[in-house]
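Fit chain Z to the known structure of chain P by using the hints.
If you read the sequences in order, they're chains P and Z.
All the letters of the first sequence, read from the start, carry residue numbers 27 to 488 under our numbering.
All the letters of the second sequence, read from the start, carry residue numbers 1035 to 1282 under our numbering.
Calculated directly from the structure, the hints in this document are not laboratory data.
There may be inaccurate statements among the hints.
If you only want the chain Z side, here are some residues facing chain P, beta carbon under 10 Å, derived [what the hints assert, rightly or not]: (1) Val1059; (2) Ile1077; (3) Arg1084; (4) Gly1085.
What you are looking at is a predicted structure, and each value in this text was computed from that prediction instead of being measured.
Backbone N, C-alpha and C fix where the C-beta goes; we use that ideal spot for every residue, glycine too.
What follows is the residue order along each chain.
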Amino acid sequence: MVSGFPESEAHLSWGRVHRARHRIARPSSPEAAEVALARRGELSVLPFGRGRSYGDSCLNPGGLLIETRGLDRLLAFDAARGILRAEAGVSLADLLDTLVGRPAPGGGVWCLPVSPGTRFVTLGGAIANDVHGKNHGIAGSFGRHVRAFTLLRSDRGRLECTAERNAELFRATIGGLGLTGLILEVTLELQRVDGLLLEVEDVRFDDLEGFYRLARESAGWTYTVAWVDCLARGRSLGRGIFSRARHLPSGIGTVERPRPPRFSVPFTPPVTPLGRTTLTAFNALILGRLGPAGRRVRTLPWHRFLYPLDSIGAWNRLYGPRGFWQYQCVVPPGEAPRAVARLLETIAHSGQGSFLAVLKTMGPLPSPGLLSFPMEGTTLALDFPNRGSATLELLARLDRIVLEAGGRLYPAKDGRMPVDVFRAGYPNWQRFADHVDPAFSSAFWRRVGNVDERTPAMRGAR
Amino acid sequence: MSGRTVAIFGATSAIAEQVARRFAVRGSRFFLVARDPTRLERIAADLAIRGAASVHTHSADFDEPAALEPMLEAMERAVGLPEIVLVAFGTLGDQAAIARDVEAVRRSLTTNFSSPACLLSALAEKMERAGRGLVAVITSVAGERGRASNYVYGSAKAGLSTFLEGLRQRLAPSGVQVLDIRPGPVDTPMTREIGRGGPLLASPERVAGDIERAIDRRRALLYTPWFWRWIMLVIRAIPEPIFRRLRL
Chain P
27 MVSGFPESEA HLSWGRVHRA RHRIARPSSP EAAEVALARR GELSVLPFGR GRSYGDSCLN
87 PGGLLIETRG LDRLLAFDAA RGILRAEAGV SLADLLDTLV GRPAPGGGVW CLPVSPGTRF
147 VTLGGAIAND VHGKNHGIAG SFGRHVRAFT LLRSDRGRLE CTAERNAELF RATIGGLGLT
207 GLILEVTLEL QRVDGLLLEV EDVRFDDLEG FYRLARESAG WTYTVAWVDC LARGRSLGRG
267 IFSRARHLPS GIGTVERPRP PRFSVPFTPP VTPLGRTTLT AFNALILGRL GPAGRRVRTL
327 PWHRFLYPLD SIGAWNRLYG PRGFWQYQCV VPPGEAPRAV ARLLETIAHS GQGSFLAVLK
387 TMGPLPSPGL LSFPMEGTTL ALDFPNRGSA TLELLARLDR IVLEAGGRLY PAKDGRMPVD
447 VFRAGYPNWQ RFADHVDPAF SSAFWRRVGN VDERTPAMRG AR
Chain Z
1035 MSGRTVAIFG ATSAIAEQVA RRFAVRGSRF FLVARDPTRL ERIAADLAIR GAASVHTHSA
1095 DFDEPAALEP MLEAMERAVG LPEIVLVAFG TLGDQAAIAR DVEAVRRSLT TNFSSPACLL
1155 SALAEKMERA GRGLVAVITS VAGERGRASN YVYGSAKAGL STFLEGLRQR LAPSGVQVLD
1215 IRPGPVDTPM TREIGRGGPL LASPERVAGD IERAIDRRRA LLYTPWFWRW IMLVIRAIPE
1275 PIFRRLRL
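Only chain P is shown next, with the shape it has when bound in the complex:
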């Protein structure tokens, strides 16, 4: 056994297309993490949180994964100012169970400042991908709410990073895909909200024009997101449902606590049930739910609105043994309406409908990271069952549209973007590369950043 680390079964990322064997370390204290890093020998290293990245950015084939799930202690909480210090393996789900909803002095309750579409991610992962949420317009990306973190480097030991101290490393680590070192501890600023119940309004829109009109009219809403019918073409192109939500004052009703998924997909079906027929039926059902008025108002607990998919455990297995590809891009505001229309047209023509197509506008608040994905514009997220080269060719066509519009793709969801697409989307990539820890690497980084010959390349997507 190399370096005495146990070898894992093939590790899968969330899209289930990429899989690879690794050596595994699972430290349960920062000191144990230091020992693991020191004992790495010739292995390249990558931190691994909960494996919710879809592609190959959380994998390091043949290398060492330092799993952070054992680094999950809350270290200090300033209840007056909502400032939390915690180990980096703490999950957002854990914070929802413990701190979210605690009364804030002067009224209201504490809440996560920004949350992605699943609560099963770690603080370290939220920083490494500079995640964003449905409140991007008012809150910006996750990294904006991170005050400090302790980074463990193979060459410099432990470093405390803030916007002032080790400032370049701070900016490189936010959105840095775990490549700049292992985050041990995080200081996060929570957000005060009125309460954990949301007023939610769903509004149908008939085309992309309608989407942008609703987006403009929703300035007074904290959370916005839209679902788009990818099968619609011609005059209906870009039709869907716009959802917007805002916090109701606390005390209006009781808020149920988030529960573990009641249903979990127990195994991978040999053939995915998410085909074109089910998709057509699904879309008709969803659009029909709003009735003739095309509008409905509901009251929902915060977590039910933010994490609809978290109620089904291991939903990614529904895409069958071949897995699925995620595709998320953002295009700048000026180009967005035309580019999004072209993207949707291309997908509709391909006949490879996406089950989940999510459209969102991102606000002008700048993201702090050198490699942060969020920027002002419109973001479109889709997933496609993996049909081999047909799917890859479609995604390559989408790449060109995004590139021409001056947009970029989200590394957390990517397992295939070509080098030129990455470098065009992230003009700071070389500045970032200077901060990559010499002992750290990932399949993603070997693909788009620098090519490192020490460890074998990803055994191809199936």
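Leaving out everything else, chain Z in the frame of chain P:
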């Protein structure tokens, strides 16, 4: 559910920490003992934020006989006599290495049998006098059959289970319950070190949930996850001439 007074011996073990979190949410008061003071401090901070009413820590080596008395004095100063005692320390170790090293056999038997038995004897005295409380001890399904792959560890745990059975009988009249917790393989740093895996590996979170429930219901014996009760029923029934040839 309301807060309790809980003393945990071996508080940095992965299972013990998860049990502590469950009782912290309920507003319990804690006395935690483990060898590593740095890790204890982190766990104490964590439990306090999660809702513990108070957390006291004490660092000591359980295999050091002279450490026992000060440990129990510290406990009584901190929380008095606890309602719940959890004994969770132990070492699995690499059987192949242990079997060839007499000193390692001695250490394993000490940590997994003699030390907890001595600690429990001292605690039993106090709890019997008080006439209340519950003692929960983590043993193992490995104690039910001796296997080539871990019989040193297994026999120590078997001894501990027998000790608990007797202790339960002794304490029954005074109203003190003794809970023997027999987990199957759990995904912890202890099992990870020797590269064990497989589909039957349970998470410490799941095992901790079972332990909390068994404590609340004042049960005497817990297999966790539940299916180990039935697996062990079968394994115990295998006749010796056949068992000898098996590689389990």
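Verification of the hints:
{"no.": "1", "hint": "Val1059", "verdict": "holds, 8 Å"}
{"no.": "2", "hint": "Ile1077", "verdict": "holds, 7 Å"}
{"no.": "3", "hint": "Arg1084", "verdict": "holds, 5 Å"}
{"no.": "4", "hint": "Gly1085", "verdict": "holds, 8 Å"}
Hint compliance for this structure: no hint is broken.
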